[in-house]
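Here are the chains, one letter per residue:
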Amino acid sequence: MNKIGLIAWRELRGYFSTWLAYALLAGWLLLAGTFFYFALMQASQPPFNFSLQGFFSNLLVMLLFITPIITMRLIVEERNQSTLELLHTSPISEWQIALGKFVGAWSFVSLMLLLTTHVPFFTTRYGSFDSGPIWGGYLLLLCAGAVFVAFGLFCSTITASQVVAGFLTFGGLIFSWLLAIPGQQPDASDLMSFLSQFSVLMHFDLLLKGAVDTKDLIYFFTVTLFFLYLTVRSLESRKWN
Amino acid sequence: MAENFETNSEYPKSATPSVLAQNAGAFLAMAVLCTVGGLMAYGSTMKVANPWVIGCLIVGFISLAAWFVGRAQQARLPRDQYAKQRTLIGTNALFSTVLFFALLVGINYVATRRHKTFDLTNNKINSLSEQTTNALTTLKNPVQLTYVYAPTYEVPRVSEADKTLLDKYKLASDNVRVKYLNAVAEPSTLRDLSVVGFTGQPMIVIEPIEKTKSKNIPHQQVDTIDESNLTTALMKLGKQESRTLYYLTGHGELGFDSSSPTTSFANARSRFSGQNYTIKPLSLAKPGAKIPSDASVLAVLGPTSDLTPTEAATLQKYIAGKGRLLLALRPIEIALPRWKSLARSLGADALSGFVIDQEQFINQPQNVFGQVIDPTKHPVLGGVGENSRVIFPGAEPLKVVKPSPQGITATTLFESSPSSQSVPFRNGGSSESGPFALAIASERGNATTPGAPSSAMRAVVVCNPNFGSDVAFSAAANANFFLAAVNWLVGNDLLVSVPPKPPVTNTIDITPAVLRFITMFSLFAMPIVTLFIGGMVWWKRR
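Chains A and B supply the protein sequences, listed in that same order. Numbering-wise, our numbering puts 204 at position 204 of the first sequence, and it's gapless, one number per residue. Numbering-wise, our numbering comes out as the position in the second sequence, counting from 1, plus 1000.
Bound-form chain A, shown alone (with noise of 0.2 Å):
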């Protein structure tokens, strides 16, 4: 566990090295404030009813976005900079290697969630609101970021260009996002409704309304730990040669 922890340190401090992560938190906190001024401006109209199920959507589309470019440096620089065998040589597994950078990049994530907590804030000082939906979307908002975070990693693995491993990560969590459209529908087939239940867009409705259901904790557990493996096995496979 040290071993993980002194990875993901090494990681988060990483990013905060880089005006890079000043600039992508500014934005971030930039398009927060903007979704929660538009929901104040909503709670003006009739029927005057204040609802952060927009505001909490719409992080989750920006989260999509910006998963690819927090992670798409987290082996990819390792390996152009010749640190990764310095890695593989020292006596760390891949697994912890994989945790370390995981952790590290979805603390990155917790972070930039952590900063829009003034937006919960100020609706319950100065709102009368039912605090269960706000708790169901920042649950949402951690486990779709360890999600994404986990396939970025993978993704990040498998090639040796940060900009491939960007497209491809931002390409595949699309993916996954359109995955759920056919299924959606109501005279579905049996396949695509099974197909469908792979994307996180049919495990997120619930929490936004407040309601955590176990299967929806577990999809997303699940789904990290599989491409968390995956990165695993990737890293690994440098061994065959």
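Worth double-checking, as some hints may not be accurate.
To be verified - Okay, derived cross-link-like pairs now, DSS-like style, lysine-lysine, Cα gap no bigger than 30 Å in a straight line:
(1) B/Lys1116 <-> A/Lys215
(2) B/Lys1290 <-> B/Lys1340
(3) A/Lys209 <-> B/Lys1170
(4) B/Lys1377 <-> B/Lys1322
(5) B/Lys1124 <-> B/Lys1140
(6) A/Lys215 <-> B/Lys1140
(7) B/Lys1179 <-> B/Lys1116
(8) B/Lys1236 <-> B/Lys1179
(9) A/Lys215 <-> B/Lys1179
(10) A/Lys209 <-> B/Lys1179
(11) B/Lys1290 <-> B/Lys1322
(12) B/Lys1170 <-> A/Lys215
(13) B/Lys1124 <-> A/Lys209
(14) B/Lys1116 <-> A/Lys209
(15) B/Lys1168 <-> A/Lys209
(16) A/Lys215 <-> B/Lys1124
(17) A/Lys239 <-> B/Lys1084
(18) A/Lys215 <-> B/Lys1168
(19) B/Lys1163 <-> A/Lys209
(20) A/Lys215 <-> B/Lys1163
The hints are simulated quantities; they were obtained by calculation from the structure and are not laboratory data.
Using the hints, position chain B against chain A.
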């Protein structure tokens, strides 16, 4: 590598790749292009017997064959000695990945079948009510819920709210199956369902899946799709006994057959019929008249003349036995001593005058309402719903008799506010200050505890009959109260109305100054501070 080739007789000494081996990749690409081209050609004409389709098929197969041959020839080329191990390791990794994937899919499958939802909202808006989950556990056989809809330009597909509701039912019980029927696309299936009065608005048909064993059980139709109606219809599948509600006539009472707009009970009649009640009038005026043995409940809706001694004796005998009585008095100047005596024997004292409340309805103080504070106080209140209100347009002041008549347990269901007053009909009469009971539930026998056997006698005394008429039936929670009271009287505890969840209304109240501050803070301050910190880091590290 050369030494390995010389010593290892497995590999040929010369290794010049053939044209096919050299261009195997190109042949594969050609095969893929032919596949795409063939599909496009088929898609343009929807005919396999198309020269382009056939041409693409032939060329594609030839290319694929060339690729296979080229790959086989490539395999005979010299390879390093570790190729075999790499293939084995790679295959092992592939299989283990597939197995791991299958394991995770299995875990998710089990999680979908056996899962639990934790509703974090305050009013549990995402969960089915306790009554619904209890009702679903009593389903012994699988039932099918067929959602019938007719797509229109404005509403081209199933309503998301309806789908969400049906998903909740499906997840709550393994005996509930859901099917969606497009009435426009499948009219024959619609006919087979024997749907009555489909107007194009979405509806749900509920029927047992094993029809052969349940031929006599008709399907249930739900025209207004909400949890209350859906659960009620599900329960009716299991409880097919019809119940009869008699309403007394002959004393100026309101009746279910009234056609007057101000005293009609058409809405209530429709709802009770939907719950398998047969509604009939009853007169006790004739000598020897009795309350029929099939009477599940007797309703008295606002008499304006008193009982005869014989009628009073009949009713007293009824409530001394296992009677189920809904007694709705009304504020009236005429003295009705026998009715009041009947009410007293039920533990409810009907005072004279009528109730006004200046603070509740300023312009119409004679309309008073009662609110459910503690729904656990009585099953009827649970059926009405927490914080729900029932409006009584004109109320006779009631009070619980103390001490209660022997064996009677009387519970105040609703009461007016402390600011209410009872006003006499004539000047010079005395007025009293509230609060007054507006509805009292009484029973003789076991106390009202969940699961306890039904009491010997149950009664509900209400201050006014108009709460159930069309004037007020659809107002506030009046419908829920009427249905809950009657179902409790007959012992239909599971059918005590499933109250709709109070709608979620989240509001935010900010002044323009606060809005400006929040905007500046969220849109400008935080991003700018972040950029400033980033700039400092860059400056330090440049």
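Hint-by-hint comparison with the structure:
1. B/Lys1116 <-> A/Lys215: holds, 8 Å
2. B/Lys1290 <-> B/Lys1340: It holds: about 21 Å lies between the C-alpha atoms, which stays within 30 Å.
3. A/Lys209 <-> B/Lys1170: holds, 19 Å
4. B/Lys1377 <-> B/Lys1322: Judged against 30 Å, a Cα distance of about 23 Å means the pair holds.
5. B/Lys1124 <-> B/Lys1140: holds, 27 Å
6. A/Lys215 <-> B/Lys1140: holds, 26 Å
7. B/Lys1179 <-> B/Lys1116: Satisfied, since the Cα-Cα distance of roughly 23 Å is no more than 30 Å.
8. B/Lys1236 <-> B/Lys1179: holds, 20 Å
9. A/Lys215 <-> B/Lys1179: Holds: A/Lys215 and B/Lys1179 sit about 22 Å apart, inside 30 Å.
10. A/Lys209 <-> B/Lys1179: Holds. A/Lys209 to B/Lys1179 sits at ~24 Å (cutoff 30 Å).
11. B/Lys1290 <-> B/Lys1322: Cα-Cα ~14 Å, so holds.
12. B/Lys1170 <-> A/Lys215: holds, 14 Å
13. B/Lys1124 <-> A/Lys209: Distance of about 10 Å is within 30 Å: holds.
14. B/Lys1116 <-> A/Lys209: holds, 15 Å
15. B/Lys1168 <-> A/Lys209: Judged against 30 Å, a Cα distance of about 14 Å means the pair holds.
16. A/Lys215 <-> B/Lys1124: holds, 19 Å
17. A/Lys239 <-> B/Lys1084: Given that 30 Å is the threshold and the Cα spacing comes to 14 Å, the pair holds.
18. A/Lys215 <-> B/Lys1168: Since the Cα atoms of A/Lys215 and B/Lys1168 sit roughly 14 Å apart, the hinted pair holds (cutoff 30 Å).
19. B/Lys1163 <-> A/Lys209: Holds - the C-alpha atoms of A/Lys209 and B/Lys1163 are around 15 Å apart, at most 30 Å.
20. A/Lys215 <-> B/Lys1163: holds, 18 Å
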